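**Student:** Each chain, written out:
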Amino acid sequence: METELRIGVFVCHCGINIAGVLDIEDLCEYAGTLPNVVTVQPNLFTCAETGTSGIKNAVKEHDLNRVVVAACTPRTHEPIFRASCQEAGINPYFFEMVNIREHCSWVHRHDREAAQGKARDLIRMAVARAMFLEPIETFKSKVEPRALVIGAGIAGMSSALALAGEGFDVTLLEKKAEMGGLLRDLHKVAPSEVGAGELVEQKVAAIKQEGRIQCFTSATLEEVSGYVGNYSATFSSNGNTHTHKVGAIIVATGGAPLKPMGLYNYDGKRVITQSELETKLKSGKLDAKSIVMIQCVGARIPERNYCSRICCMVAIKNSLHIKEIAKDAKVFVLYRDIQAYGVENEALFLKAKEAGVRFIRYNLESPPVVGDGNVEIYHPAMGKEVPLPAELVVLSTPIVAHDDAESVSRILKVPVNEYRFFLEAHAKLSPLDFATNGIYLCGNAHYPATVREAISQALGAASRASIILSHDAIERVGTVARVDQELCSSCFACVKVCPYQVPHMDEGGKAMIEPMQCQGCGICVAECPAEAIQFGYVSDAQIMAACEALCA
Amino acid sequence: MNNFEPLIAVFSCHYCSYAAADLAGSSRIQYPPNIRVIKIPCTGRVSVNHILKALECGADGVYVAGCLEGTCHFISGNFKAKQRVQYAKNLLSEINMEPERVQMYFMSAAEGAKFANVAKEMTETIRELGPSPLGQNKSE
Amino acid sequence: MSRDVLVIGGGIAGIQASLDLAEQGFTVYLVERLPSIGGKMAQLDKTFPTNDCSICIMGPKLFEVERHPNTQLLTYTDVEAVKGGAGNFTVTVRKKARYVDEAKCTACGLCAEKCPVSVPDVFNMNMDTRSAIYKYFPQGIPSVYTIDDSVCRIFKGKKCNICAKICEAKAVNYEQKDAVFDLNVGAIIVATGFDVFDPSDIKPYGYGTIPDVITAMEFERLLNASGPTGGHLERLSSLNTKAEIEQLEKQIKHAKAGLKRAEKNGQNSDKVDEVKKRLAEMNESLDGLKAKEASLAELRDIAFVQCVGSRDLRYNAHCCSYGCMHSVKEAVVATEHESELKSTIFFTDMRAYGKEFHEYCLRGGSEYGIHFVRGRVAEIAQGDGGRPVVWCEDMDTRKVEQHPFDLVVLATACVPSQGSASLATMLGFNLDESGFVKTDPNKPVDTSVQGIFVCGCAQGPMDIPSSVSLASAAASMAVQTVKALG
Chain A
0 METELRIGVF
10 VCHCGINIAG
20 VLDIEDLCEY
30 AGTLPNVVTV
40 QPNLFTCAET
50 GTSGIKNAVK
60 EHDLNRVVVA
70 ACTPRTHEPI
80 FRASCQEAGI
90 NPYFFEMVNI
100 REHCSWVHRH
110 DREAAQGKAR
120 DLIRMAVARA
130 MFLEPIETFK
140 SKVEPRALVI
150 GAGIAGMSSA
160 LALAGEGFDV
170 TLLEKKAEMG
180 GLLRDLHKVA
190 PSEVGAGELV
200 EQKVAAIKQE
210 GRIQCFTSAT
220 LEEVSGYVGN
230 YSATFSSNGN
240 THTHKVGAII
250 VATGGAPLKP
260 MGLYNYDGKR
270 VITQSELETK
280 LKSGKLDAKS
290 IVMIQCVGAR
300 IPERNYCSRI
310 CCMVAIKNSL
320 HIKEIAKDAK
330 VFVLYRDIQA
340 YGVENEALFL
350 KAKEAGVRFI
360 RYNLESPPVV
370 GDGNVEIYHP
380 AMGKEVPLPA
390 ELVVLSTPIV
400 AHDDAESVSR
410 ILKVPVNEYR
420 FFLEAHAKLS
430 PLDFATNGIY
440 LCGNAHYPAT
450 VREAISQALG
460 AASRASIILS
470 HDAIERVGTV
480 ARVDQELCSS
490 CFACVKVCPY
500 QVPHMDEGGK
510 AMIEPMQCQG
520 CGICVAECPA
530 EAIQFGYVSD
540 AQIMAACEAL
550 CA
Chain B
0 MNNFEPLIAV
10 FSCHYCSYAA
20 ADLAGSSRIQ
30 YPPNIRVIKI
40 PCTGRVSVNH
50 ILKALECGAD
60 GVYVAGCLEG
70 TCHFISGNFK
80 AKQRVQYAKN
90 LLSEINMEPE
100 RVQMYFMSAA
110 EGAKFANVAK
120 EMTETIRELG
130 PSPLGQNKSE
Chain C
0 MSRDVLVIGG
10 GIAGIQASLD
20 LAEQGFTVYL
30 VERLPSIGGK
40 MAQLDKTFPT
50 NDCSICIMGP
60 KLFEVERHPN
70 TQLLTYTDVE
80 AVKGGAGNFT
90 VTVRKKARYV
100 DEAKCTACGL
110 CAEKCPVSVP
120 DVFNMNMDTR
130 SAIYKYFPQG
140 IPSVYTIDDS
150 VCRIFKGKKC
160 NICAKICEAK
170 AVNYEQKDAV
180 FDLNVGAIIV
190 ATGFDVFDPS
200 DIKPYGYGTI
210 PDVITAMEFE
220 RLLNASGPTG
230 GHLERLSSLN
240 TKAEIEQLEK
250 QIKHAKAGLK
260 RAEKNGQNSD
270 KVDEVKKRLA
280 EMNESLDGLK
290 AKEASLAELR
300 DIAFVQCVGS
310 RDLRYNAHCC
320 SYGCMHSVKE
330 AVVATEHESE
340 LKSTIFFTDM
350 RAYGKEFHEY
360 CLRGGSEYGI
370 HFVRGRVAEI
380 AQGDGGRPVV
390 WCEDMDTRKV
400 EQHPFDLVVL
410 ATACVPSQGS
420 ASLATMLGFN
430 LDESGFVKTD
440 PNKPVDTSVQ
450 GIFVCGCAQG
460 PMDIPSSVSL
470 ASAAASMAVQ
480 TVKALG
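Just so you know, the protein sequences line up as chains A, B and C, in that order. Quick note, the first sequence lines up with residues 0 to 551 if you use numbering that gives the first Met the number 0. Quick note, the second sequence lines up with residues 0 to 139 if you use numbering that gives the first Met the number 0. Quick note, the third sequence lines up with residues 0 to 485 if you use numbering that gives the first Met the number 0.
In case anyone wonders, no lab produced these hints; they're calculated from the structure. Note that this is a predicted model, so its numbers are computed, not measured. Glycine is no exception: its CB is placed at the ideal position from the N, C-alpha and C atoms. Possibly wrong hints are sitting among the right ones.
[Stated by the list, open to error] Capping the alpha-carbon separation at 25 Å, the derived lysine-lysine pairs in BS3-like fashion look like this: (1) K279/A / K329/A; (2) K398/C / K82/C; (3) K263/C / K249/C; (4) K244/A / K174/A; (5) K81/B / K495/A; (6) K103/C / K55/A; (7) K279/A / K187/A; (8) K59/A / K169/C; (9) K383/A / K398/C; (10) K495/A / K88/B.
[Claimed, not checked] Label pairs and their calculated CB-CB ranges: (11) D181/C / G69/B: 53 to 59 Å; (12) R362/C / D110/A: 18 to 24 Å; (13) Q82/B / E530/A: 15 to 21 Å; (14) D110/A / D200/C: 45 to 51 Å; (15) E93/B / E530/A: 19 to 25 Å.
I would like the entire structure built from these sequences, with the hints used as guidance.
**Tutor:** The following block contains the structure:
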């Protein structure tokens with residue numbers, strides 16, 4: 000190193016999130032004793048404006064060339080501090096972050112002494128790593144102004160139309176022979192009372208008219224390669240295989256109501272599901288005069304411990320439709336908690352009560368029993384079991400993920416949760432994004448959603464994708480591997496190991512890595528026996544330094 | 000050696016296990032304070048040398064925590080890591096060290112509880128094995 | 000004609016909509032009536048179901064939207080008039096005088112320290128005080144101070160220029176005037192959020208008369224590290240008593256000094272005796288207050304009362320949609336502050352309908368010992384020692400029961416924001432029966448006026464992820480509008 004290393008360490012209280020467990024003063028004092036550390040500063044909130052301007056001032060005042068922040072997770076806050084470094088005039092990658100909140104104060108609350116020791120160790124390791132940081136520059140990569148939307152239900156169709164409306168080309172894939180998804184079989188959509196089929200047909204007609212959307216039915220996604228702005232998607236449709244270049248991808252693969260096999264004497268005839276009821280309502284073939292609906296069938300139970308969000312409103316909507324056809328029909332809804340959130344839903348719930356639909360609550364411990372022509376339920380107000388007449392029993396079952404969710408997850412390399420719903424980047428603030436830049440999600444693929452919600456999310460996902468598509472090129476950070484050809488022994492190890500088939504042998508017989516294609520995983524770096532591959536983002540020197548600093 | 004507190008190095012990938020550790024944190028799931036996470040973009044970045052280096056520098060145990068099998072953000076990085084961990088285990092056996100000191104784990108970004116359980120499990124395993132023979136020159 | 004977009008409201012919905020637009024290369028004006036963006040989310044301590052610290056995850060967004068080259072933040076600004084239509088709106092805005100030069104202020108805070116005025120701090124739900132020159136909240140963006148001219152001595156015609164004198168950056172300017180100007184935009188996004196229902200309308204709940212009956216938002220601030228108690232869980236009566244003690248101690252000190260002077264000057268013994276007598280009285284009441292404070296120090300039993308002003312035809316028919324999760328979260332977080340704490344939630348239906356919500360509630364019961372009671376609270380009375388007593392019929396046992404608590408937290412309804420009716424009139428769009436912006440369920444962000452879109456709680460009660468999704472949706476519709484017409 001030619002220039003002297005001058006490291007600044009900033010330790011965040013994060014209010015009481017960190018300072019409630021760790022002794023910040025001690026950490027600062029300790030950090031000050033570490034080699035090359037020239038200044039240490041505590042902050043109440045390092046991410047607040049005062050904190051970041053503090054970093055910038057310290058860089059100037061102390062002529063810092065490395066910055067270490069001990070605070071929360073780099074997964075959310077690293078960009079802010081990198082930007083502060085850049086604004087202060089040093090390379091944003093001369094920055095190291097150490098997580099003493101999620102990985103320390105929050106998880107070792109009952110052992111402060113050990114937590115303190117761990118925090119000291121983590122700071123020491125980060126400072127050691129900081130000494131070997133390398134500057135990283137950015138470069139540009141072009142964007143394909145076309146999106147791939149997977150699934151042509153209400154969500155996928157709405158996304159595709161929004162993207163086309165914003166001026167982008169769309170490849171829309173539907174695994175069935177027709178677009179429309181779940182809505183195709185339903186009766187009416189609440190609370191607009193528009194026919195579900197009608198809504199589908201409107202969207203299908205709009206898509207067919209829209210020159211920018213190319214729809215492929217009976218389609219299966221087979222392979223996706225590439226990266227944000229520049230994906231290559233291979234799929235088959237009606238016996239043909241296509242490969243489209245796309246810049247962004249929206250997952251709108253939907254879900255399906257659970258078939259309640261073995262539950263409440265389900266037989267598809269006298270005991271049916273809500274979607275089967277809708278088919279009857281749609282064709283006008285409902286003649287039962289006493290109907291009992293049972294909520295949470297296969298949901299909010301230990302095996303499937305989630306609430307499917309929409310089933311209560313489906314039951315309320317359908318019970319109102321029954322009452323419209325036959326005012327004298329007896330409709331009972333047996334529920335655990337009615338999920339009529341918001342303005343519209345609660346209004347509809349009230350309307351159902353006014354129309355004479357009877358709501359009776361049951362507990363998980365004493366579920367209703369479906370008998371012959373009746374349903375027995377413990378009535379809390381009467382304090383005893385009562386039989387309810389039931390010519391027809393309708394089971395409200397949850398939306399569950401499609402079987403192919405896992406294959407889509409594998410092909411796109413995006414995660415699903417334990418119920419195989421796709422997992423968004425952040426539950427609160429990135430509900431439509433995947434952690435992988437360039438791939439987005441909406442509708443039932445994410446979690447059960449009403450039509451209103453599915454359309455909202457679909458438009459939102461289109462907006463997120465447009466952020467990529469609206470640029471001719473996107474800037475990429477040079478966190479990529481580079482071959483030092485002097486050291487390369489032409490062993491092909493990198494060529495064999497790279498999951499993206501990026502490294503290849505050039506005319507001179509030496510390995511070569513195209514930076515635009517490199518994904519920055521570092522697998523080849525660890526594989527190269529000649530240590531010929533440089534990876535400044537996470538170099539061997541940095542990892543070794545962190546290891547060496549494990550013990551004081 | 001009842002009060003032996005093992006020191007454990009964890010190579011944790013950005014996309015899954017680091018996120019799982021964050022989730023363990025935001026869910027306030029408590030686990031033993033013996034682990035020290037070294038963040039890497041993908042477990043495929045970890046070489047046998049890194050694992051050995053951590054042991055040499057005083058870690059009583061080392062584990063690599065990657066994405067669930069088949070969901071590695073970089074497709075096959077965690078498989079490579081698994082092979083390398085196995086290689087390191089073999090090396091330890093050859094020099095009569097317990098191969099259990101090095102492990103490979105898989106977890107998703109949604110599995111905060113699993114991250115905590117793995118930390119607990121590994122701490123208990125190493126506590127039973129006792130201090131690493133390589134850690135003689137540890138300052139403690 | 001314009002391809003620029005106006006976003007009204009700088010809460011999480013307005014911020015997300017602005018960022019989506021700015022990232023796509025459109026110029027965005029983000030108007031916020033308060034001195035800082037952040038909205039209600041900035042006031043929350045934690046968020047469900049991940050227990051993420053609210054300002055921690057929001058902070059980066061505040062920065063991002065301020066820093067983005069395509070956004071122009073207009074804080075402390077009101078929309079005054081709108082003309083034109085989709086593709087070509089002319090919007091008149093009034094940027095209110097802060098009496099502080101935004102470009103010069105370094106937010107050092109010296110002015111606020113020296114300001115002699117002390118008024119209730121709205122951000123901390125009036126449980127703390129702030130000065131007349133103030134920052135709306137510590138992480139507020141833009142990071143500048145503002146003079147509240149409704150309380151500042153200068154604007155009351157009194158002599159004072161302490162803040163101007165102490166400001167090294169010379170940022171204070173009492174002569175600053177409101178700036179009124181026009182913006183030409185192609186589309187408008189309404190993200191004006193919601194208000195918290197004022198529960199003092201519900202007399203049987205005793206809010207405002209029983210000190211330890213508070214709202215969920217007040218409790219949020221009591222849990223927060225930058226709140227009035229620095230994140231130390233205390234009840235309001237304890238805070239009030241502390242303030243009284245402080246006041247009395249000041250008076251005693253003053254009286255003692257007076258007594259010393261009187262004795263020294265050899266004043267007549269009658270007067271001295273009188274002062275002595277008063278002093279003794281004051282000391283006695285101080286002891287009483289200290290005993291009271293000690294008895295209030297322990298906070299063990301908290302009740303959460305759901306559906307306060309919601310699902311109640313006397314007030315609001317609608318459901319606030321986040322109240323159940325909000326209370327479960329507050330109970331979980333409170334238990335993290337104080338592990339001995341016992342929480343009871345009185346609810347109508349447990350509406351835990353989102354991803355991981357039901358699981359979160361189950362964990363609240365099994366790991367945090369939250370006691371769930373199904374039943375609507377009838378009355379909150381004042382019991383022994385002023386403790387609130389909750390009366391409720393338990394729907395499982397069908398028995399009317401009463402339980403005393405140390406603190407009762409009211410999960411208040413989500414109601415349309417104060418200015419929403421006049422904004423609707425100004426912009427010409429319709430409201431629904433609850434006063435939120437009316438939309439067609441199949442066109443979820445379109446208002447009844449072409450080119451004007453809505454997102455977040457302005458559209459109806461919703462949680463943060465729904466607000467964020469809807470914000471992106473509104474951005475998409477705005478882009479489609481300006482691309483077609485702008």
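**Student:** Now look at each hint and say whether the structure bears it out.
**Tutor:** The hints, checked one at a time:
| no. | hint | verdict |
| --- | --- | --- |
| 1 | K279/A / K329/A | holds (17 Å) |
| 2 | K398/C / K82/C | violated (59 Å) |
| 3 | K263/C / K249/C | holds (21 Å) |
| 4 | K244/A / K174/A | holds (20 Å) |
| 5 | K81/B / K495/A | holds (17 Å) |
| 6 | K103/C / K55/A | holds (17 Å) |
| 7 | K279/A / K187/A | holds (12 Å) |
| 8 | K59/A / K169/C | holds (23 Å) |
| 9 | K383/A / K398/C | holds (16 Å) |
| 10 | K495/A / K88/B | holds (24 Å) |
| 11 | D181/C / G69/B: 53 to 59 Å | holds (57 Å) |
| 12 | R362/C / D110/A: 18 to 24 Å | holds (22 Å) |
| 13 | Q82/B / E530/A: 15 to 21 Å | holds (19 Å) |
| 14 | D110/A / D200/C: 45 to 51 Å | holds (48 Å) |
| 15 | E93/B / E530/A: 19 to 25 Å | holds (23 Å) |
Violated hint for the displayed structure: number 2, the only one.
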